[in-house]
Amino acid sequence: MEPIIVELKNVSLIYHDPFAETLAIDDLNLTIREGEFAAIVGPSGCGKTSMLNLLCGLTRPSSGEVLLGGNKVTSPGDGIGYMLQHDHLLEWRDVEANIVLGLEVKNMLNEKTRAYALDLLERHGLMEFRHHYPQQLSGGMKKKVALIRTLAFDPTLLLLDEPFSALDYQTRLHISDEVHKIIKQEHKTALLVTHDISEAISMADRVLVFSDRPARVKKEFEIKLNAPDSPIARRQAPEFRGYFDSIWKEIEYREKALQ
Amino acid sequence: MKKRSSNKTKKNAPATMSHEHAVYLSKIKRKERFVVSMRYVILIGFLLLWELFARIGVIDPFIASSPSRVVRTILSLYNEGSLFTHIGTTLYETVVGFLLGTLMGILLASILWWFPTANKIFDPYLVVLNALPKIALGPILIVWIGATEASIIAMGVLISLIVTIMTVLNGFNEISDSKQKLMLTLGASKWQIFVKIVLPASIPTMMSALKLSVGMTWVGIIVGEYLVSKAGLGYLIVYGGQVFQLDLVMASIILLCILAALMYYIVAYFEKRIIKWRKH
Numbered sequence: 163m164e165p166i167i168v169e170l171k172n173v174s175l176i177y178h179d180p181f182a183e184t185l186a187i188d189d190l191n192l193t194i195r196e197g198e199f200a201a202i203v204g205p206s207g208c209g210k211t212s213m214l215n216l217l218c219g220l221t222r223p224s225s226g227e228v229l230l231g232g233n234k235v236t237s238p239g240d241g242i243g244y245m246l247q248h249d250h251l252l253e254w255r256d257v258e259a260n261i262v263l264g265l266e267v268k269n270m271l272n273e274k275t276r277a278y279a280l281d282l283l284e285r286h287g288l289m290e291f292r293h294h295y296p297q298q299l300s301g302g303m304k305k306k307v308a309l310i311r312t313l314a315f316d317p318t319l320l321l322l323d324e325p326f327s328a329l330d331y332q333t334r335l336h337i338s339d340e341v342h343k344i345i346k347q348e349h350k351t352a353l354l355v356t357h358d359i360s361e362a363i364s365m366a367d368r369v370l371v372f373s374d375r376p377a378r379v380k381k382e383f384e385i386k387l388n389a390p391d392s393p394i395a396r397r398q399a400p401e402f403r404g405y406f407d408s409i410w411k412e413i414e415y416r417e418k419a420l421q
Numbered sequence: 033m034k035k036r037s038s039n040k041t042k043k044n045a046p047a048t049m050s051h052e053h054a055v056y057l058s059k060i061k062r063k064e065r066f067v068v069s070m071r072y073v074i075l076i077g078f079l080l081l082w083e084l085f086a087r088i089g090v091i092d093p094f095i096a097s098s099p100s101r102v103v104r105t106i107l108s109l110y111n112e113g114s115l116f117t118h119i120g121t122t123l124y125e126t127v128v129g130f131l132l133g134t135l136m137g138i139l140l141a142s143i144l145w146w147f148p149t150a151n152k153i154f155d156p157y158l159v160v161l162n163a164l165p166k167i168a169l170g171p172i173l174i175v176w177i178g179a180t181e182a183s184i185i186a187m188g189v190l191i192s193l194i195v196t197i198m199t200v201l202n203g204f205n206e207i208s209d210s211k212q213k214l215m216l217t218l219g220a221s222k223w224q225i226f227v228k229i230v231l232p233a234s235i236p237t238m239m240s241a242l243k244l245s246v247g248m249t250w251v252g253i254i255v256g257e258y259l260v261s262k263a264g265l266g267y268l269i270v271y272g273g274q275v276f277q278l279d280l281v282m283a284s285i286i287l288l289c290i291l292a293a294l295m296y297y298i299v300a301y302f303e304k305r306i307i308k309w310r311k312h
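Those sequence lines, one after another, are chains A and B.
Numbered according to this note's numbering, the first sequence spans residues 163 to 421.
Numbered according to this note's numbering, the second sequence spans residues 33 to 312.
Looking at chain A on its own, in the form it has when it is part of the complex (with noise of 0.2 angstroms):
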């Protein structure tokens, strides 16, 4: 088995507000290991993002433990890249200079890992709008561009927070296609929160569902799917349906047992 990336141990979480406190996350239990793709489906408001936050090191678990590669994550550090639902590229910075600011950031930037951004923007094809502003890019375009941001520092996990949900229908399936095209190139681990089922089991090897608040993993799916490694391709795939429906189905449970 390929080594542990991420692990949750028994993490909680308690979110404040001047109202009241809430239990966001409650005794999570989660592994991830290397080159994996992992998907989280659940209900909204169920804590997919505060527990994004916890992997990343913005927030601190109330108690348990979050590893990154062993070590314990206390600050936002260079092995998570995440990839937020607004690609916020920097209107003031043409591509080049937006790819690079992760590494601006980190201090890391000179001419190797310039060279490196550089080579993920020509391998994904963009690298004829390399000095082109976000504004003359499509939103396609942006995400890709946000995506090799995030690459660029080459982080041990990549964290995908509805990185699609403000695309149109039709850009997101190609989109989708593919950023999983290029996570896979790249042998990254990713993670990907998403409300969106047929996205979960198109992109991922395995998806977990969560319980409504407090989150907790409430059921995995190992997808194993008769198609070519390619999300547009695994939806065609005849197994599709059946996780489909019994994803379906765990979530639903919720909504029933609030009525």
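These are calculated hints, taken from the structure and not from any lab test.
For every residue, glycine included, the Cβ atom is placed at its ideal position computed from N, Cα and C.
Hints may be right or wrong, so weigh each one.
From the structure, some residues in chain B lie toward chain A, with a derived Cβ separation under 10 angstroms [stated by the list, open to error]: (1) S208; (2) S210; (3) L214; (4) T217; (5) L218; (6) G219; (7) A220; (8) K228; (9) I229; (10) A233; (11) I307.
Distance condition first, Cα-Cα at most 25 angstroms in a straight line; then the derived SDA-like pairs of lysine to any residue [to be verified]: (12) B:K262 with B:L169; (13) B:K262 with B:L278; (14) A:K274 with A:A259; (15) B:K304 with B:V68; (16) A:K411 with A:G207; (17) B:K304 with A:E258; (18) B:K211 with A:G302; (19) B:K228 with A:G239; (20) B:K211 with A:T333; (21) B:K211 with A:T236; (22) B:K243 with B:L169; (23) A:K234 with A:H178; (24) B:K211 with A:P317; (25) A:K386 with A:I413; (26) A:K380 with A:S360; (27) B:K304 with A:Q298; (28) B:K211 with A:L288; (29) A:K268 with B:G219; (30) B:K222 with A:D179; (31) B:K213 with A:D240; (32) B:K211 with A:Q247; (33) B:K213 with A:T211; (34) B:K228 with B:I307; (35) B:K222 with B:Q212; (36) B:K222 with A:L252.
Non-contacting residues of chain B with respect to chain A, defined by C-beta distances greater than 12 angstroms in every case (computed) [claimed, not checked]: (37) H53; (38) Y56; (39) I91; (40) H118.
Chain A is fixed; fit chain B onto it per the hints.
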């Protein structure tokens, strides 16, 4: 590389255009030309009527002056050698006041952004200071600083400072949290967030703050000159009023118009240059 991208945008425009498109374009051009020419018509018409009415006695040139008398006054100021002293004095005070007000405003806004608690504490004070007619502080300035040029500049700074702080701070606080979150996930320090995100993203707001504060500084400087001065356009206006030389008052006001407009356009020009990424 830059050239290549501009070639590309040109490619999007059709090489040959339909008759309808040509008509559409000429319509836009005609409208534009109309707007610009109307501006000149109003200006020239106003000057001509002013001159005409003054000559045929509809208005009294002694209290309303006339364009030709204004020109004559400016020429005589020039011949006396005092024209550029007055213009120079006012311009110097305004530029210094504007730069000081802007720099201090941006600096103070940055400090308040950096310390959100301080921002909260000082908020009501800022609101009161903003509402206060700063002209009321004139006598205090004269007592504290003295009846000198420094008092005049201080007046200009006072009037523009609070507006600059408030506008720039608003701009800083409008930077979306998720852009800051992006920086935090990269492990950025507060300083890096400020320098790499907050400052560059607020340049458009800062530029509109500058356009505002240019006007405010002029108000402060002229008021300052009303209170204490031995030279400058504000001084000429007050002096002209006291000795009932309305030609001098009008001439100074017109010079002031030209200078204020010039300074505004200079700031606007810099705005265009600096925000070049906006055009992309």
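Hint check results:
1. S208: Holds: closest Cβ of chain A sits about 8 angstroms from S208 (chain B), inside 10 angstroms.
2. S210: This hint holds: S210 (chain B) lies near chain A, its Cβ roughly 6 angstroms from the closest one there, short of 10 angstroms.
3. L214: holds (5 angstroms)
4. T217: holds (4 angstroms)
5. L218: holds (4 angstroms)
6. G219: Holds: closest Cβ of chain A sits about 4 angstroms from G219 (chain B), inside 10 angstroms.
7. A220: Hint on A220 (chain B): holds, closest Cβ of chain A at ~5 angstroms, below 10 angstroms.
8. K228: holds (7 angstroms)
9. I229: At 7 angstroms from the nearest chain A Cβ, I229 (chain B) passes the 10 angstroms test, so the hint holds.
10. A233: holds (8 angstroms)
11. I307: holds (8 angstroms)
12. B:K262 with B:L169: The hint holds at about 20 angstroms.
13. B:K262 with B:L278: holds (19 angstroms)
14. A:K274 with A:A259: Holds. K274 (chain A) to A259 (chain A) sits at ~15 angstroms (cutoff 25 angstroms).
15. B:K304 with B:V68: holds (21 angstroms)
16. A:K411 with A:G207: holds (18 angstroms)
17. B:K304 with A:E258: holds (23 angstroms)
18. B:K211 with A:G302: holds (19 angstroms)
19. B:K228 with A:G239: holds (19 angstroms)
20. B:K211 with A:T333: holds (23 angstroms)
21. B:K211 with A:T236: Judged against 25 angstroms, a Cα distance of about 21 angstroms means the pair holds.
22. B:K243 with B:L169: holds (24 angstroms)
23. A:K234 with A:H178: holds (23 angstroms)
24. B:K211 with A:P317: holds (20 angstroms)
25. A:K386 with A:I413: Within the cut-off at roughly 20 angstroms; holds.
26. A:K380 with A:S360: Within the cut-off at roughly 18 angstroms; holds.
27. B:K304 with A:Q298: holds (19 angstroms)
28. B:K211 with A:L288: Holds, at roughly 23 angstroms.
29. A:K268 with B:G219: holds (7 angstroms)
30. B:K222 with A:D179: holds (23 angstroms)
31. B:K213 with A:D240: At roughly 15 angstroms apart (the allowed maximum being 25 angstroms), D240 (chain A) and K213 (chain B) satisfy the hint.
32. B:K211 with A:Q247: holds (11 angstroms)
33. B:K213 with A:T211: holds (12 angstroms)
34. B:K228 with B:I307: The hint holds at about 16 angstroms.
35. B:K222 with B:Q212: holds (9 angstroms)
36. B:K222 with A:L252: holds (17 angstroms)
37. H53: Non-interface label stands for H53 (chain B): nearest chain A Cβ at 24 angstroms, farther than 12 angstroms.
38. Y56: holds (25 angstroms)
39. I91: holds (53 angstroms)
40. H118: holds (41 angstroms)
When the structure is compared with the earlier hints, no violation turns up for any of them.
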